Amino acid sequence: KAGVTQTPRYLIKTRGQQVTLSCSPISGHRSVSWYQQTPGQGLQFLFEYFSETQRNKGNFPGRFSGRQFSNSRSEMNVSTLELGDSALYLCASSPGTSGPPSFGPGTRLTVL
Amino acid sequence: SQQGEEDPQALSIQEGENATMNCSYKTSINNLQWYRQNSGRGLVHLILIRSNEREKHSGRLRVTLDTSKKSSSLLITASRAADTASYFCATDPPTSGGSNYKLTFGKGTLLTVNP
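These protein sequence lines are chains A and B, in that order.
The working numbering applies: residue 1 is where the first sequence begins, and numbers increase by one.
The working numbering applies: residue 1 is where the second sequence begins, and numbers increase by one.
Same shape as in the complex, but just chain B (with noise of 0.2 Å):
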């Protein structure tokens, strides 16, 4: 089952826009990550935020987690079409002790930035 939601499943946006993506989980968790794919490829790990931290930033990224409502958001600036892909957030539990060897994803949301 999925322990994730993002919301929205799908955005489009313009290129120099920004673009936030929430995720919502439903257990305790280790940490939380966001990985991109592109078109039914292969997946590329983004950014991970441990459960005790809030914010976290990597280049034009920022994730935001909030362990008491269980969510988390990925905020991407100043878009560009090659963002185009879909975005994930996978949770790890606790009891994998961080290993990351057995990650829960959510659905997705499918990010369309045009030029």
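Isolated chain A (complex conformation) (with noise of 0.2 Å):
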């Protein structure tokens, strides 16, 4: 089975810009969450999806959203950069009940 993929790997945007990241979860894993992690809060949940709806979602700004498709892919979008947002974004997938999640590789966002 192939594993989670994140597209871009590497992103570099300007402050005001707004970013789109994507995220094909292993098939047949209905589930797919995401998480920031930068060096000074670490990994910090942003929110989930299950079967197109939203979950869960973390303690962050409305300029951080997502949505997931029909066939599981997801996407999150960031409005309105800020400099504090560079950080590396993770795409995890879960069957959705149980088990734990696999993670992708992460796409690292820098603002400038």
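For the record, the hints were derived by calculation from the structure and aren't laboratory data.
The structure presented is a predicted model; accordingly, all values stated were derived computationally and were not measured.
No residue lacks a Cβ here, since even glycine has one placed at the ideal position from N, Cα and C.
Check the hints yourself; a few may be wrong.
Stretch by stretch, here's where chain A covers chain B in the computed footprint (C-beta under 8 Å, at least three residues) [as the list claims (entries may be wrong)]: (1) 32-46; (2) 104-111.
27 Å max Cα-Cα, derived DSS-like pairs, lysine-lysine [what the hints assert, rightly or not]: (3) 26/B - 70/B; (4) 57/A - 26/B; (5) 57/A - 107/B; (6) 107/B - 70/B; (7) 26/B - 69/B; (8) 56/B - 70/B; (9) 70/B - 57/A; (10) 69/B - 56/B; (11) 57/A - 13/A.
Dock the two chains into a complex; use the hints.
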């Protein structure tokens, strides 16, 4: 089975721009979660989607949003980028009912 | 906010030695997991221990869980240079029903194994 894939792997944006990151889960997995990893705050939960519905959301501003498509692929969007949004964004997929999630390689976002 | 706190923050050992990392957490959990991350890449799941388990083994890994102290430890025996990585504990709240969809991570232990 192919693992979780994330595109792009690296991204450079400037403040005020918006960005969309993509995640393709493992085949058959219906749950996709997103995490932000920074040196200062560590790994923080952004949100999780299951069967195209957002099931839970972390404590992030409304500039961070996401969606899930019928094929379980997910995208997250960050609008009006700030310097502090520079981070590694990790996507994880799981069957959605049990079992540990599998993480993708991440997208490294740099905001200048 | 971080649920778990790993201790130590950094650990440097020689190949062949054992490495022990500790994790403490604050609230009730459904399970606790350990992950490895190599140099800013994705997380690799190592082992999961449920709240009603006390000890679990997987190859060279041994995990213990003490829910009364809200703490866990990860022991890597006979370490290798390839074990050099950051190690994170992650907790899954009881409300998730075991779905593991919302993990709370600690800040991690950076393990360096010198050849």
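Ascending list of hint numbers which this structure does not respect:
Nothing - there is no hint that the structure violates, so all of them hold.
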